[in-house]
Amino acid sequence: MMLSTLILLPLIGAAVIGFYPTAISGKTARQISLSIAGMIFLWTVLLTIRFDPNQGNVQFTESLIWIDVLGLNYRLGVDGLSLPLLLLNGILTVIAIYSTDESIQRPKFYYSLIFLLSTGVIGAFLAQDLLLFFLFYELELIPLYLLIAIWGGIRKGYAATKFLIYTALSGILILASFLGMIWLSHSPSFALETVNAHTLPLTTQLLLLAGIIIGFGIKIPLVPFHTWLPDAHVEASTPISVLLAGVLLKLGTYGLVRFGMNLLPQAWEYAAPTLATWAVISVLFGASCAIAQKDMKKMVAYSSIGHMGYVLLATAAATPLSVLGAIMQMVSHGLISAMLFLLVGVVYKKAGSRDLEVLRGLLNPERGMPVVGTLMILGVMASAGIPGMVGFISEFIIFRGSYEVFPVQTLLSMVGTGLTAVYFLILVNRAFFGRLSPQVVRLPRIYLSDRLPAVVLAGLIIILGIQPSWLTHWSQATVQVSVQKPASQLTQVSK
Amino acid sequence: MKQIENRVHPLHEFIQQLQTGKALLKDTPENVLEVVGILKSYGVVLDAYSQNLIYIADHQFLVFFPFFKYFNGKISLPQLFRHWWHDRINFEYAEYCMKTMMWHGGGGLDSYLDSPEFAHRAQAVISAKFKYNLGVIGLNQLFPDFLIEQLRMSAYYSGLGQFWRVMADIFLSLSDLYDLGKITSIPQVVEHIKAGLVKDALKPITYQVKIGEQVYDIIPKSMGLTFLADTAIPYVEAVFFRGTPFLGTVSLNAQAYQVPPDQARFEYGALYADPLPIGGSGVPPTLLMHDMRHYLPEYLHQTYRRSLRGEDDLLVQICISFQKSMFCVTTAAILGLMPYAIDTEDPSEQTANLVYLEKWMDRFKTSRLLEANN
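So the sequences go chain by chain: A and B. Per this note's numbering, the first sequence runs over residues 1 to 495. Per this note's numbering, the second sequence runs over residues 1001 to 1374.
Treat the hints with care, since some could be wrong.
Which residues of chain A face chain B? A partial, calculated answer using Cβ under 10 Å [to be verified]: (1) E366; (2) R367; (3) G368; (4) R435; (5) V441; (6) L443; (7) P444; (8) I446.
Note that these hints are calculated values from the structure, not bench results. Each residue gets a CB set at the ideal place from its N, CA and C atoms; glycine is no exception.
Isolated chain B (complex conformation) (with noise of 0.2 Å):
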């Protein structure tokens, strides 16, 4: 194939392996092992975070303290002395990066819930569901933004449940090929999480409410929102690249302008996150570390226990392949996206496709790109 020659950028060698269909992770089998082994813990992780989401959308919505909500409408006092014990998931991670999909917005989903439709179909849902509660309704007409902004929210919730559902699908079945002998490469890898996300690429995304035997659409299937391209990549945009900066061992001064002022510069998210400060004590992603050293495969937590500190650093050593991981889904992502076949002949497709890889390789200039590969 006639590649157009890019030896300007910084991260051209990326580039190139992007051009010839490689993944942004080296091959090796270490890879292929730590990628695998934690995509599964993930799996099973988000597995949970999904459920716990979609149910707080549809049960705990417009509940103004929501104290069970992690309780997945199954209370008990021995679950709540699990919960006090936090003998638990930590659903509060599932939260945090809903609250970053919803603080930085992007797709079809953000745009839709600015739109006067939603706020008409929010107007009925809060008016229904306090009919017999003229305190919140005349609060309502005070603050008429306030309601409607904790629909929004609740549509985040369902929005990143269902997003969750597939991806922990896809995570889950790669395991189980990975177990069966037939994924052994990163590219493969890669190539099973675009197969996954094309594959319900055109899913929609929808989300309806029940109050008394009457459902309401919230998000109704005909406004045609889908799972790709309202969910999936606002979610990368937002938790993989962006994110929001963190407290941990480092500080940040947001009057000193070590905080950009525009959102779309940001770079908090899981490639650009510093592994180190995990452990740190309220760090949001430690908590996700924490979960998945519950679920990490016997293979994978074997490889841990050889390493230099055995399991004092567990949490650093996960982060680190998830960090890898989430290389992977990026590429697969990237390739998915590319505006034109990897393999075109044609000079102009093949230098709109230089341009797509350049602008996103422009964002890996400061990400873990290249210690990930270290």
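So here's chain A without its partners, still in its complex pose (with noise of 0.2 Å):
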């Protein structure tokens, strides 16, 4: 019961916050949310400590037959490729609730949806049964809409409402593929180890992938389906956005390696060299369109588009090495971005703006913040893939395991890492360095809470980059049994 109580904890968070009795504060609401963030995230350390990482297979496996006519079950595990990924969910949701103003409006509401949102998360990282997977996807869906809708910004309706638009479709092209994979292949069930998609004709298993990879690769975002994320970042707020690109994004990535390489391998080998390429473009789109960014959020958010090629890369090649990297990367790029994420909305909360032809100076020693701007140095310094940190560790792994598929795209997806060096050395020379400009020279006061969570999270980029087996290990035999096997070949293993 281990993987339904991680799923439930946020749930009982949820309506225990939504239906609390009396009116409560934001500073109350916020107490009482980031106890049971704690809970949660503790609850998946607790599983990480039980997990073998010496196998491969899914782990703590849970079964209930749910609807049987429909061949929906209730179907939970967990291996080397969820696993790093609840820790993610786990203490960025933490972050995600510390960094909420206290004086949000409406408390309850927003810290229910919060976990709402995280029960979609978790629930979508455990499913072993396709149909179960897809009710989890949605079901995040709906609270990520009404959490920017409700405390975005200026055009949150806009915003909100594209992200709606593009993730409704995502969702409906999945299920066309998930329904076509059951129904075309004759599967017994939705569960996952009974899929016998790799049985369809090549064409058909292409069409069925060519589903999956458009569902996903909005989610990502792959471009050109990235249009809702650069809206949806601006106008969400920061906690929102940090789970939008720390973990959210990463549903996406998951969902091409589990379902994508792993049901319809064969496929998926047809398609990788056109996969790869498409890898490149996003990771050069990203990065060009982060050069042209003046709002330093929008950076970030390309930012997110151009690392998220990466893993795309990783998976196309689909070597133990490259798929490795490809989780690292989801990991890294959830604890970077955040992080970047989190520091802007400092920069934005201080200074009132995110502009980078206003803002000048911010390293200013008294004036300025340069406690946030270090560790904004940081954090760029871990995006463009400086040693010593875990941004350099997954893009090492990701190159040097897809190279010896893919040499060209390879080399090119590099060029990306210089790029992201490019745009963010520009947004920290224009905001940071330099006499403070006359608009943002009397800002307030920057309090310890404003830089702990992106303090704890620097923390975790250093300790990741020098220690990175601490992360790899817990995903080496997943990677070993799901590269080397088939679906079916997997199936029988896990039984």
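Each of the two chains sits in its own frame; use the hints to bring them together as a complex.
Structure follows, in structure tokens:
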């Protein structure tokens, strides 16, 4: 029941905070929510401690027949692919709640939506049934839409609706592909271990894979399905941007590995060169757009598009090393982008602007925000893949693992890391160096609580950069199993 | 009083203020609190600076490696540890001001130090100091300007020390009067400083050193150097107006003519300084702000604590207050040096006064006068 508890905890949390009998202040709501989020995180840590990293198969499996006639089962499990993402979700949920303004309007509703979102994400990562995954995948859509639409910026309605349309389309495509896989292959149920999609003709597999790639490609997002992301990020509040970039985008890459690469290996192999080229386009397009941005948050958002392209490249190469790199990149991007969004949030909260043509000299030791600036420099260095930080390790593993399969695409993707350094240097140089601009010369005080979440993430980024094996050893066995064996064999192993 | 209309000058508003005996700084209770409070801490610091400058001039002259020059002759192990721990006053700032004064020159002290009279007296001191040191005497023959230049510098140490001795007392007595409720406005602050300057205007500036039992006059009283004309005015010119281009967040490239080739056109003094780079390592004014923060009166410290960033930008706040106070000191100097009485009825004298004030105001065009008043 460990995994069900992990799903139930945020669900109970949402109910507790949402139906709290009396009116509570934002501060109290945040304290209660932090306690619940802390429990979820600790439960995830406990799960990690009990997880056997030497086993590549799904562990802690739980299974219940739900709607037999539909072949829908409540099947949960965790492996080396989902465990790091669960940990990431746990820590980023705590950080997102901690970073929420105490004076937020309608706090009970806000925090209950965050826990519903967390329920959806955890459920999606644990689901071992296609339909169950889809239900959880769709579940996170509603709270996220509301979180942007209610607590967002000036154009929140536009951004939330755009997000809703894109993600709904993504859901339709994914559902159609899932149904196609089950019905066309006459699989007995939606359970992952019984899916026989790999037995389908290649053309059918390719069609199904196209649905999966585009569906999850919208979520990742891949160019040209990315346009919802910068708008959503710009309009979302900082904690929601943290969750969006840190965790929710990973549902897309997770889906590609879990359902594209694992369930349709033959089609995946066939489409891989196209996917690798697509990854290059995403990397270079994302980085080029980031260079052109004047809004710090949009720049970080476009950088996400570029960095998620590396995951696609690694997944396309599908070597043990590259897939391990993809998992690492999901975690490292989650940590780094969350940190960058947090820091941009602090700058915006204090300076009232994210405009790189307005901000200048924020590193001023007296009147600026020197610690925030220092953390920002550290964050952009991590994002640009400077050695000693987790971004370097993940990108290095991806390039090392992908080069043997797609040398040209890998080399072109490596240009993206150089471009990352370019746009982030532009950001740091414009916003943090020089004399404080007159518009921001009277910044309010920066408190420890403003910096603490980013400091925690910076610590993780450095620790995992110096000791990456603390991250990789949870996934190595799973990667070996999933890359070397097709889905049918996986089924046998997990039994 | 009949005044000549003056609406042409961009800072005519300030000229009119001065013509009516007001200050360059707006008269508000907040400004009075800031200026008096900061001048109190400045007075304490100046007192320490002046003592050290005079000690160096009197006891460390012609010492080539004055390792313990900041100890005022009281060397002990605990004091050494405190020095290394940086639990001390930054006497380097006093030296920075001394060197700035020496570099820009001006006034009777500068002229005297370039005269044969000084060279003759200096040579006598050198001969006495190194009577038994043949090596140094030989070097002095080879490089005859070197030791004399060292004594010139010692004379500036002494001159600035004597100047600050007077100023420290003026600022501390100002604070005492404020505490007694006798100073309540900016014009009163200016008047107090002006009175202090005028009172000691003719105070002689002298410099003597003792070698063995023999006393040597390096600047004898007979030279007629006085406090106001020969130290105060050159100091204001050098430190308040000209200054030196210092390292900070703004880099200056002399080869690209970002630094004027003519020293007289320098505008890096206290009245022009941007308070924001304060806090950057190695910026000399930062040292002064660091020193003053230890001696802030409680009422001023509380004002800073109540500000938007509390004590996070204390050095910048001190710098802004200090700059305001320096506009008051400059007002006192300008009013004290007016060619004719402010309330003169003579049109030719009024014109002379106006020309005098316009010249000053020309120099304030690029200063932080407007920012200090906003």
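Quick rundown of the hints versus the structure:
no.	hint	in the structure
1	E366	4 Å, holds
2	R367	5 Å, holds
3	G368	9 Å, holds
4	R435	6 Å, holds
5	V441	7 Å, holds
6	L443	7 Å, holds
7	P444	6 Å, holds
8	I446	8 Å, holds
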